[in-house]
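Novice: What follows is the residue order along each chain.
Number of protein chains: 4
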Amino acid sequence: MIVVLKQGVTNEEAEHVVLLMEKRGLSVHVSKGEAQTVLGLVGDTSGFDAAAISAHHLVAKVIRVQEPYKRANRLFHPRDTAVDVSTDGVVHRIGGGTLGIIAGPCSVESRDQICGIARAVKKAGAGFLRGGVFKPRTSPYSFQGMGCGGVDLLAAAKKETGLPLVSELMEIHQLEVFDEVDIIQVGARNMQNFNLLKELGRCKKPVLLKRGLASTVTELLMAAEYIIAGGNERVILCERGIRTFETFSRNTLDISAVPFLKQKSHLPVIVDPSHATGDASLVPAAAKAAVAAGADGLIIEVHNDPENAFSDGEQSLTPPAFASLLEELKKYAALEKKTL
Amino acid sequence: MIVVLKQGVTNEEAEHVVLLMEKRGLSVHVSKGEAQTVLGLVGDTSGFDAAAISAHHLVAKVIRVQEPYKRANRLFHPRDTAVDVSTDGVVHRIGGGTLGIIAGPCSVESRDQICGIARAVKKAGAGFLRGGVFKPRTSPYSFQGMGCGGVDLLAAAKKETGLPLVSELMEIHQLEVFDEVDIIQVGARNMQNFNLLKELGRCKKPVLLKRGLASTVTELLMAAEYIIAGGNERVILCERGIRTFETFSRNTLDISAVPFLKQKSHLPVIVDPSHATGDASLVPAAAKAAVAAGADGLIIEVHNDPENAFSDGEQSLTPPAFASLLEELKKYAALEKKTL
Amino acid sequence: MIVVLKQGVTNEEAEHVVLLMEKRGLSVHVSKGEAQTVLGLVGDTSGFDAAAISAHHLVAKVIRVQEPYKRANRLFHPRDTAVDVSTDGVVHRIGGGTLGIIAGPCSVESRDQICGIARAVKKAGAGFLRGGVFKPRTSPYSFQGMGCGGVDLLAAAKKETGLPLVSELMEIHQLEVFDEVDIIQVGARNMQNFNLLKELGRCKKPVLLKRGLASTVTELLMAAEYIIAGGNERVILCERGIRTFETFSRNTLDISAVPFLKQKSHLPVIVDPSHATGDASLVPAAAKAAVAAGADGLIIEVHNDPENAFSDGEQSLTPPAFASLLEELKKYAALEKKTL
Amino acid sequence: MIVVLKQGVTNEEAEHVVLLMEKRGLSVHVSKGEAQTVLGLVGDTSGFDAAAISAHHLVAKVIRVQEPYKRANRLFHPRDTAVDVSTDGVVHRIGGGTLGIIAGPCSVESRDQICGIARAVKKAGAGFLRGGVFKPRTSPYSFQGMGCGGVDLLAAAKKETGLPLVSELMEIHQLEVFDEVDIIQVGARNMQNFNLLKELGRCKKPVLLKRGLASTVTELLMAAEYIIAGGNERVILCERGIRTFETFSRNTLDISAVPFLKQKSHLPVIVDPSHATGDASLVPAAAKAAVAAGADGLIIEVHNDPENAFSDGEQSLTPPAFASLLEELKKYAALEKKTL
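So the sequence lines, in the order shown, correspond to chains A, B, C and D.
Note that the numbering used here has the first sequence beginning at 208, numbered continuously upward.
Note that the numbering used here has the second sequence beginning at 208, numbered continuously upward.
Note that the numbering used here has the third sequence beginning at 208, numbered continuously upward.
Note that the numbering used here has the fourth sequence beginning at 208, numbered continuously upward.
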């Protein structure tokens, strides 16, 4: 971390700031230029609040040179992390050369619905089944998900198809009913629900962490850091679009975040083209772009009857459209030396 | 709600959509134009998902004419709601002609700190004391607040000054230690933590609900609707800046949201100029602007020693700066026919 | 266009609005629902200002059903438009199954520089040479481009390699020195310089129109409409990233805009991964994603000596990196049934 | 400017970068820390492209300590600049303790309209008349303004009322017909039309420079710098809202930009509450907030018949509403020790 003092700061004043930094356990390297004095802080500054230091009346600017995340940082962990889940002795993988495909409906609606979709997406080549039972909805008057009953239906679909389950948790005590769920999803609106992240750090299951609507990729990595710092290293990062001024798509897919996250972190990075676009007709292009940009997987909404879906019908693919997309994706994955 | 069908839709197809809507309990008024057919839906559409209907292959557009919030809506509740809190037989008010001033440090740090600041802000004219004990921090390595111990220090400050307490809750079970806290704050990052909102609907205390960084004002009102629908009508809305491309300020204070929220809702609206600007030198101008725009109150960070504050020092006013701002604000409040 | 009247509007009042619309040359279809009256406007509403109508005190909402652009609209022009440029009897194409590759330095700096880069990008497979001579720079103290002298150097590079030239115009009289330039580029900051667009409508050369930093895709299509309405149908749309809160990349590449623009318009759509990312290490992933998303071409900054470039060095590929990217892109183009 | 070299850079490599900087005319102060080497650049770096240096493969980060604007910078020009315009021997002022009020219709539509509005806004207390004759419109099919004919009508209104004229220029040759116009307005979409800015630097009239929809305040100051560097110091900055994800208002008024610009620059800062909100019912609150935040003036749209206005009717005040707002604003101005 580099601290630039204001112009005209005297030697005594500079010394005062140096002592302040040293009190916080850092060694300080002072460089006196003609125009201003610059302090280089040596030591672990990851717990350091740059904004707090910049409050000092003698300080002009504070610049972080090191990233504030450590355990999620590729610098300290150069090899790719892959996340494995076993069901019935079969290993399902995301990352490390495997393009993990998670597919299924926004919401679990009935046994027929979830089992039917599970069979269809498995046949098409998906490796994981998604299905929401606790739904974060903008309106208190909208369908809020089937709750615990929905988990049983997911379990039935898993039993029938062998597909591991991905489902979203909205608060930690819901973990009690998630025995059958294999990957815990943290939704975009909960990305900075820090207490939830801390609890998931103590959990043994992989966590699929979605980027918040207004979160930078650095904040996404810091959210992952909360989980890893708690002891759970199996975190999957998910780019799902950010909120911008543009309204033709539900969100704006930040496709460059994929290669950037892959550079900065060893964690697998997947993309959600369904929420990013909010429009089934744009999902295939977005999905192919994600693979071409280096994504380790995709999470795609599939519904047998989008027009009657309880939620998100407008962005759901039908099973045949999904199957045909997967055929295409295999060719793109091959160019990236990945297999489904 | 108005549903515009696609061009070229036949009478039979239109009838099919009408039946679909009627099955959902609405009566439908059909208007056949030359170019297209338009359906007017009559009945309670507040639980209706406009996006879901727009998924239908015969539908071109869906337009909400009514706002999706009801209990927070001024239409159904024309008179201003004021929120009162009593301590030691004294009533402290926000809204209804009273400019409620909430002041205090970002974080509770020690008994001396919180009691000293409490005395100072009370003397200057504040009506409420703020102080965080559970802190949502981007980094797991940053100071996370004093926790329960901090509540005792807040209680001591309340006992000494009589100021009611405002403090942020990050998960519902923390309510157990919040006996002495008078107004529960929901932070920007939790504005769409719907389970938390539902629980607070069952709580007897007023809730200060901060707008999310990427939330529209309609979403803020829908979050308030969750709390009111649960039975708790004492919700205070707080504009605290949104995230935009501009970086000179920590967030961008959406000042027009104040008169807009006052038009649309009966709930009191306050402004947080400290988080909105992130810079103590900009706080006074933002605070005065908020009062001039019609705000019912302000929540302002005050710290006796900003340069050594554990958090948010750069945006905290010193007690003398706060006192001098309050002198100015009284004149602006008078122009708006409000008293402190 | 659909006009929803306010609740409680009487028949006489509704009639008043109807007359107002009819005076503007539209026929109006009235539908009286229980809750409100809805007017359907039939006729050409493309010159109509929805905002102006919504100013009326009896009007609740105005909804555009038809897109405001006509000549750029695929509805009225279903077949893809391809843009051809001939140099020395060779046709160079963008769109219609051909992936047009435009490459070259941000700024023309010297004869050696531009000719060297031209040879390199041609050898690698590029079809067009880019090079700026009039540079829009944030600071008046930054290098502003070589001006007219630079055009001569571009012409020399064209003579040597046969590559058609793409260069940016900042005002219309610069067209006088652009005889040798084959495709006129309109920069992001000039996308809504409407007088310039009108003049380019009278020009015989293709126009490469870059999306503004804060422009929606609809506004981009309206800007194209200005040019086409003036008589010039050879417009190439360019997605180059929009400005958002995220700062790791110079702009946020809106990859979903590619398939959306292809749905809505017949014009060729290209992507600028260099400005979108602002970081050479992210350019290859963004370029591949663009092709996978259906782009008709790419405009990529290439510099022989990025570290000493007069501008944009941080986002320029070296010639070898460019050549190796093009090898990869050919495979992606093949999957999309396109040739370079 | 401070250049942080990458970790592991050797002394020889560091020396190489130092020479590069010295070649550009700067003296360099080297500071070797344990972790990395930091270079402090001394000299005039205002013409320097930070991004260009950061392209160097040995450079980790480049940090600007000084603002890139000089002539617009309060540091080098501590006293407030006020802009005066004389008509008929009467001085009309913006800044320096005078709250300049510019009012009038979006577009000049007829002699009766503009003269009637001019009389009304003068009577209410406005100091300047606005009226557009060249209109930047998103659609080529919308009303584009009356052009030169409109200037004659403006001149008639000026003759009758003595109010100086403010009107927008879209390209430089329109200056030829602007003899009677006293203050030249540069619209938001032209804020970075650098050639136009350069020409206006050679012009003798004050320039009202509107902030671009996606421009930072630093970019606004750099645009002003273009004009001042050309020799014209009479620049008025105008905050008129930026584009964000929020849609209830046409733009998001960045109220904190007012005190920030006043800190950083000596130029007068005015606010346009009409474009910032796009809604006449929000204009009064926004206007009062602007004065409370320290604005030196306001530009407000006023129309005698908003429902039939050719453009921007929904955001125009009627003359009585404007007169009543001005009565209120006088009290706010008094608190800020300003007179109308």
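It is worth saying that the hints were derived from the structure and are not from the lab.
Some hints here could point you the wrong way.
Remember, identical chains collapse to one label, so a pair may be satisfied in a single copy or spanning two.
Stated by the list, open to error - Dumping the calculated DMTMM-like pairs for lysine to aspartate or glutamate here, alpha-carbon to alpha-carbon at most 25 Å:
(1) Lys239 x Glu222
(2) Lys329 x Glu514
(3) Lys544 x Glu406
(4) Lys366 x Glu535
(5) Lys471 x Glu219
(6) Lys230 x Glu426
(7) Lys330 x Glu426
(8) Lys537 x Glu406
(9) Lys239 x Asp295
(10) Lys538 x Asp251
(11) Lys230 x Glu383
(12) Lys537 x Glu514
(13) Lys239 x Glu543
(14) Lys230 x Glu367
(15) Lys230 x Glu514
(16) Lys230 x Asp319
Novice: Now look at each hint and say whether the structure bears it out.
Specialist: Now for the hints, and whether the structure bears them out:
1. Lys239 x Glu222: Classified as both: same-chain Cα gap 12 Å, cross-chain 19 Å, threshold 25 Å.
2. Lys329 x Glu514: Classified as within; 22 Å inside a copy, 50 Å across copies.
3. Lys544 x Glu406: neither (36 Å within a copy, 49 Å between copies)
4. Lys366 x Glu535: neither (28 Å within a copy, 42 Å between copies)
5. Lys471 x Glu219: This pair counts as neither: shortest intra-copy Cα distance 40 Å, inter-copy 28 Å.
6. Lys230 x Glu426: Neither: 28 Å inside a chain and 39 Å across chains, both beyond 25 Å.
7. Lys330 x Glu426: Neither way: Lys330 and Glu426 sit 37 Å apart in one copy and 39 Å across, limit 25 Å.
8. Lys537 x Glu406: For Lys537 and Glu406, the Cα distance exceeds 25 Å both inside one copy (37 Å) and across copies (46 Å).
9. Lys239 x Asp295: Neither way: Lys239 and Asp295 sit 65 Å apart in one copy and 57 Å across, limit 25 Å.
10. Lys538 x Asp251: So Lys538 and Asp251 fail the 25 Å test inside a copy (45 Å) and across (45 Å) alike.
11. Lys230 x Glu383: neither (44 Å within a copy, 36 Å between copies)
12. Lys537 x Glu514: neither (28 Å within a copy, 39 Å between copies)
13. Lys239 x Glu543: Cα proximity of Lys239 and Glu543: none, with 50 Å in one copy and 42 Å across.
14. Lys230 x Glu367: neither (61 Å within a copy, 33 Å between copies)
15. Lys230 x Glu514: Intra 63 Å, inter 14 Å, cutoff 25 Å: inter-copy only.
16. Lys230 x Asp319: Classified as between: cross-chain Cα gap 21 Å, same-chain 64 Å, threshold 25 Å.
Violated hints, in rising order: 3, 4, 5, 6, 7, 8, 9, 10, 11, 12, 13 and 14; the structure is consistent with all others.
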